[in-house]
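Model the full structure from these sequences, guided by the hints.
One point on numbering: in the UniProt record's numbering, the residue at position 139 of the sequence shown is 139, and numbering is uninterrupted.
Please note that a few of the clues may not be correct.
Claimed, not checked - When the alpha-carbon atoms are kept at most 20 Å apart in a straight line, the in silico SDA-like pairs for lysine to any residue are as follows:
1) Lys-143 - Ser-157
2) Lys-44 - Glu-27
3) Lys-83 - Tyr-119
4) Lys-115 - Tyr-81
These aren't lab readings, by the way, just hints derived from the structure by calculation.
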Amino acid sequence: MGIKILISLFCAVASFNNAEELNVIREAYREISANEETIEEFYKLTQETMPSSKPVYQGYHGAALTLKASVAGSIKDKLSYFKEGKKLIETAITEDSANIELRMIRLSVQSNVPKIVGYRRNMEEDKAYIQENISTVTDPALKKLLSGFIKNSGAFSKE
Numbered sequence: 001m002g003i004k005i006l007i008s009l010f011c012a013v014a015s016f017n018n019a020e021e022l023n024v025i026r027e028a029y030r031e032i033s034a035n036e037e038t039i040e041e042f043y044k045l046t047q048e049t050m051p052s053s054k055p056v057y058q059g060y061h062g063a064a065l066t067l068k069a070s071v072a073g074s075i076k077d078k079l080s081y082f083k084e085g086k087k088l089i090e091t092a093i094t095e096d097s098a099n100i101e102l103r104m105i106r107l108s109v110q111s112n113v114p115k116i117v118g119y120r121r122n123m124e125e126d127k128a129y130i131q132e133n134i135s136t137v138t139d140p141a142l143k144k145l146l147s148g149f150i151k152n153s154g155a156f157s158k159e
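Right, here's the structure in full:
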């Protein structure tokens, strides 16, 4: 499913309920590709949810900013987007450290940034947390997202 369709779906269900809104964001995050257009669309999608005080929305917006950093034109913009995104992710986790979805977001970001950035210190902690707690997840959409992440992420590759 294309990200444009997902954004259209988001607009249609925005007034529906938070669970549907979050599922649209989850699907968009799963489907995102490393091109500027889809990253910008995901950024706009998460920006619309930022008024929410829920840490999970902050985490996804933080991830969107780190993705935006990867396609930014100047070093200054890259650093600015990345620092802002990292701060949002870390703040969200501080506010809700038991949220397995936030741990997945941080792990997905940390496992994909260059080592030189120095944002990789929580990878083993988050990986262990996800593996230890995935069995407690009752939301089918979240469980599917986490299972897919474990299956496809290099962070969980067999050593």
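Report task. Check each numbered hint against the structure and report the violated ones by number, ascending. Result -> none
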